[in-house]
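Visitor: Sequence:
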Amino acid sequence: MAPVINTRNLYKNILNNKFMKKWIPEDPMKAAATLALVSTVTKDALNCGYYTYQSYNNKRIPEDKRKFVAANDLSNGFYNVLIPILLKRPIDKTNKKMFEKYFEKYFNDDAAKTIYEKLKDANPDYTLDMVKHSLGKKSKTAAKAGLGVIFTLVVSQIICKRIITPTLATPSADYVKKVMEKMEASRAKKAEAKDMTENGSVEDNFKPSVYIIDSKTFEPFDTLVKKSVNYKA
Numbered sequence: 025m026a027p028v029i030n031t032r033n034l035y036k037n038i039l040n041n042k043f044m045k046k047w048i049p050e051d052p053m054k055a056a057a058t059l060a061l062v063s064t065v066t067k068d069a070l071n072c073g074y075y076t077y078q079s080y081n082n083k084r085i086p087e088d089k090r091k092f093v094a095a096n097d098l099s100n101g102f103y104n105v106l107i108p109i110l111l112k113r114p115i116d117k118t119n120k121k122m123f124e125k126y127f128e129k130y131f132n133d134d135a136a137k138t139i140y141e142k143l144k145d146a147n148p149d150y151t152l153d154m155v156k157h158s159l160g161k162k163s164k165t166a167a168k169a170g171l172g173v174i175f176t177l178v179v180s181q182i183i184c185k186r187i188i189t190p191t192l193a194t195p196s197a198d199y200v201k202k203v204m205e206k207m208e209a210s211r212a213k214k215a216e217a218k219d220m221t222e223n224g225s226v227e228d229n230f231k232p233s234v235y236i237i238d239s240k241t242f243e244p245f246d247t248l249v250k251k252s253v254n255y256k257a
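Reminder that position 175 of the sequence shown reads as 199 in my numbering, one-by-one numbering, no gaps.
Each hint should be verified, as a subset may be incorrect.
[To be verified] No more than 30 Å apart at the CA atoms, straight line, and that leaves these computed lysine-lysine pairs for DSBU-like: (1) Lys67 <-> Lys121; (2) Lys54 <-> Lys121; (3) Lys120 <-> Lys91; (4) Lys201 <-> Lys214; (5) Lys125 <-> Lys161; (6) Lys164 <-> Lys125.
It is worth saying that the hints were derived from the structure and are not from the lab.
If you're wondering where the values come from, they're calculated on a predicted model, not measured in any experiment.
Let the sequences and hints guide you as you build the complete structure.
Guide: Laid out in structure tokens, this is it:
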């Protein structure tokens, strides 16, 4: 029989974990915005690695342009991850100000009275207190969280990815390309040095052998002929 897992307690333990408490805010608005940011940044980081590797090893791209294409993909991914993280705090502050300025008025007593006047004719059972309750703290918190998610996605996926990143990535790609070339040259030198250490240089492998002949032990050719044919003087 499969073990029974109490999912409610499981989720409760996960949410009360020290790591979660440290990195996920208790404020639902900030928590929702943080989770949205984490998901987009993670996706962009994975895409960065995939597209950079694909471009760098794509044989259909001419070799003289391959490194630049890979460097451009790497630069794009780098800024797509870095900029939203750096803008997280300004995003949270701006989102709070936007809500207070443009949306909070839809959750006060005046908004409740306006809604009540429109609903009382359609349903006499509605009371002003019921409308105020529906526009209470929970609804206001949910609206803040929703706005936080939308604003975070707009900044990270539209403003950053379509405006800021292309402006910075293209000039950076040339620098990244040069760094990649230096790294390749360094790896090639290390591989060559390792090969020479293990197998010796090409000149060493093909160096002709040199034999030193002692003049004292060397016998003239005619002497050797006489010995070979048993020559008698």
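Visitor: For every hint, state whether the structure bears it out.
Guide: Going through the hints against the structure:
Between Lys67 and Lys121, the direct Cα distance comes to roughly 28 Å. Compliance with the 30 Å bound is thereby established for this hinted pair. Our distance criterion of 30 Å between C-alpha atoms is met by Lys54 and Lys121, whose separation comes to about 13 Å. Only pairs whose Cα atoms come within 30 Å are accepted, and Lys120 paired with Lys91 is rejected, the gap being roughly 43 Å. At roughly 20 Å between alpha-carbon atoms, Lys201 and Lys214 fall within 30 Å of each other, so this suggested pair holds.
With a C-alpha separation of about 17 Å, the suggested pairing of Lys125 with Lys161 holds against the 30 Å cut-off. Of the supplied pair hints, the one linking Lys164 and Lys125 holds, its CA atoms being roughly 14 Å apart against a limit of 30 Å.
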